[in-house]
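S.K.: Assemble the complex: chain A is given as a structure, and chain Z must be docked to it using the hints.
As given, the protein sequences belong to chains A and Z, one line each in that order. Counting in our numbering, the first sequence runs without a single skipped number right up to 409 at its last residue. Counting in our numbering, the second sequence runs without a single skipped number right up to 409 at its last residue.
In case anyone wonders, no lab produced these hints; they're calculated from the structure.
Heads up, the list lumps identical chains together, so a pair's fine if it works in one copy or across two of them.
In silico SDA-like links for lysine to any residue, alpha-carbon gap of 20 Å or less:
#, residue 1, residue 2
1, K19, R53
2, K136, R111
3, K136, R114
4, K65, F402
5, K78, R21
6, K136, T109
7, K136, E113
8, K65, R401
9, K136, Q240
10, K174, Q260
2 protein chains.
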Amino acid sequence: MNLETCIKLDRRDELADLKNRFIIPEDVIYLDGNSLGPLLAIVKERVNDTVNREWGTDLITSWNKNDWINLPVTVGEKIAKLIGAAPGQVLCADSVSVNLFKVLAAALTLRPERNVVLSSDDNFPTDLYMAQGLTKLRGNDYELRVVDPEEVLAQLSDSVAVLMLTEVNFKSGKRWDMKAVNTAAHAAGVLVIWDLSHSIGAVPVELDHCMTDFAVGCGYKYLNGGPGAPAFVYVAERHQDVQQPLSGWMGHVRPFDFRQDYEPADGIRRFSSGTPGIIGMSALDAAMNIWEEIDVVSVQQKSESLATVIRERLRHEAAFSNLELFGPGPGPEGGSQISMRHPNAYGIVQAMIERGVIGDFRAPNIVRFGLCPLFLSHVDVYNAMNRMAEVIKSKAYEDPRFSSRAFVT
Amino acid sequence: MNLETCIKLDRRDELADLKNRFIIPEDVIYLDGNSLGPLLAIVKERVNDTVNREWGTDLITSWNKNDWINLPVTVGEKIAKLIGAAPGQVLCADSVSVNLFKVLAAALTLRPERNVVLSSDDNFPTDLYMAQGLTKLRGNDYELRVVDPEEVLAQLSDSVAVLMLTEVNFKSGKRWDMKAVNTAAHAAGVLVIWDLSHSIGAVPVELDHCMTDFAVGCGYKYLNGGPGAPAFVYVAERHQDVQQPLSGWMGHVRPFDFRQDYEPADGIRRFSSGTPGIIGMSALDAAMNIWEEIDVVSVQQKSESLATVIRERLRHEAAFSNLELFGPGPGPEGGSQISMRHPNAYGIVQAMIERGVIGDFRAPNIVRFGLCPLFLSHVDVYNAMNRMAEVIKSKAYEDPRFSSRAFVT
Chain A
1 MNLETCIKLD RRDELADLKN RFIIPEDVIY LDGNSLGPLL AIVKERVNDT
51 VNREWGTDLI TSWNKNDWIN LPVTVGEKIA KLIGAAPGQV LCADSVSVNL
101 FKVLAAALTL RPERNVVLSS DDNFPTDLYM AQGLTKLRGN DYELRVVDPE
151 EVLAQLSDSV AVLMLTEVNF KSGKRWDMKA VNTAAHAAGV LVIWDLSHSI
201 GAVPVELDHC MTDFAVGCGY KYLNGGPGAP AFVYVAERHQ DVQQPLSGWM
251 GHVRPFDFRQ DYEPADGIRR FSSGTPGIIG MSALDAAMNI WEEIDVVSVQ
301 QKSESLATVI RERLRHEAAF SNLELFGPGP GPEGGSQISM RHPNAYGIVQ
351 AMIERGVIGD FRAPNIVRFG LCPLFLSHVD VYNAMNRMAE VIKSKAYEDP
401 RFSSRAFVT
Chain Z
1 MNLETCIKLD RRDELADLKN RFIIPEDVIY LDGNSLGPLL AIVKERVNDT
51 VNREWGTDLI TSWNKNDWIN LPVTVGEKIA KLIGAAPGQV LCADSVSVNL
101 FKVLAAALTL RPERNVVLSS DDNFPTDLYM AQGLTKLRGN DYELRVVDPE
151 EVLAQLSDSV AVLMLTEVNF KSGKRWDMKA VNTAAHAAGV LVIWDLSHSI
201 GAVPVELDHC MTDFAVGCGY KYLNGGPGAP AFVYVAERHQ DVQQPLSGWM
251 GHVRPFDFRQ DYEPADGIRR FSSGTPGIIG MSALDAAMNI WEEIDVVSVQ
301 QKSESLATVI RERLRHEAAF SNLELFGPGP GPEGGSQISM RHPNAYGIVQ
351 AMIERGVIGD FRAPNIVRFG LCPLFLSHVD VYNAMNRMAE VIKSKAYEDP
401 RFSSRAFVT
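In isolation and in its complexed conformation, chain A is listed as follows:
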């Protein structure tokens, strides 16, 4: 694997031109689009328009005139197309955490005789935390049971109401077989909630086909919706009669009648709560447009191809002898990230950031690179590995400034 090979691969890459849609500093190789997707030019324009024309000029009339009132559904439908959901099942709203609370509470009401929420101990922490909050609120009868991922299927039983999993693991990149899990869970009468935060925009997802019950996911990673972009929630049509407890006015059947009693809207709208943040949601709305031109299967294929550059170099170069691949990486069993263990992971990531290659660190010892095919080339990945080799050879990671860890998300 050398530079020439990478140049050739880039020449054959059908997605290569998409990177021109993004505004990324020229001296940066950005391997963290799986944590915060970069800025699309169309998003920059849209935020300008939302702020200046819609808010600044049309003011309050924008709720009708510029259809702010339907934005959660408009964006939801764009997201739906990317995750194999028929219309009417996806809504853009709130954060992943808050949406998870809604669907978990709703799912529990569908299994009133069962009292266990099951999850894996490598699930993304906020999912576990929200389930802890909800089970505690529901009282002593409810229990969050967190087990080793290998044990999950064996733990399905008639006391389990809901199984809650993140499809692609945030550290290892390992991907569950959604259809197989759903089938096993449903056979035991268990409902499943999927967190798609690290799947959407990275790998093909087929929610309806897999008979998925509920899902949530993130707008600021592979969807490039901006920092803290609103999240989404999917509720299969067959479950939409259920009520969720964060029953704010935007989920009311007639919010502007200002009635005293809550009466939920039909369908997915009842999963709305308070007033949505319009600027952030407009940014995500614009960012979704790029998916009209792209097949996510090609995206996944390119991500595998980018990963090959890393895998080959790890295999053959002495500088990387202490780096150990962690998780499957891009491919049928993995998401679009590649994770590596190294005793000096934190320092390596920080030293690389100073050299213009932005990846991230996950405790305790993981270097994580997001291989986002929309804006990365094989040459980018090749050059990033060069930079990493330099950091390791020079021991730049030993810089005392990297001894205490700052927040990095």
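M.R.: Leaving out everything else, chain Z in the frame of chain A:
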């Protein structure tokens, strides 16, 4: 009350120049800042900077470099100054609805032997809806009791855990006496949650002085934070040991350790849930800066003065004979809005909007004008009343296009 008087009043107005900070179309008189505050030039600049420099250029490193990680606290502290809260008690987060759920659930755990949530039947509906959602989730023991506002204090008893009120009513503009209510409630062992959505930025609020327990409020009305701007939550220091159930990772003591178990952060941070929307929160952060120059007492005084223009004209002009003042209007017992009943309220509001005067309608028959002193002059209000007189005299409100009501917020 004639034009000349209004011009004189404007000449003496110390807040008159502030309107130059806003970007409002020249042909518009905007009487809906109490529903969606208009765009400040400083906010426009800040959103540009957040999108282009912070997100576009600094990318993921902005969580540290541009202190996104502390933004909820930074904005919270600016809000705190406006509502008489000492530092460490206010956080910017989520929506009013979601924040209300957090504090109501938390408050109930402080009164475990009590099972009633008390509120007034004229409270803002989403507050009632959220309480309905929570009490239903908590089970049959819990009850939301909604009574006539006149009956609220008489209903305080040792079965009531929490009293939940909106300080300034969204329809009538009527204002509760916060200190008196808190005192009566506390004497009965009842905790109080105040919704400040229609108070903050309109009237002086003194949460600590009034011994307030909990409060929530809105960022997109008098704070001019933008459409669907994030909300805020106040928790008195003495109650901050309590846990709220929407326990997402941003409220964890060490979110980036990614531990399996939730351990709440000390203080107000534990009222965070998921990842905050940074673009929207940055807009509100910038909008808050104007309050460093303004005393909210002067704001309230000007609002009273603006209301005098309306009151005088209603009293003396035949065109307004079918308009009936509803609620106290600006003054010691009211917020910064003036509400009027008219059988053709909806048509009047719509016809005025077409003539460049934007107010709003509240079911079933209320014309509501927000008198926001930061950008309105006495002449503006005078001219708005002229426009209203024209609409009423010409019966422009009878236009068949106004027969069916569209969404207006």
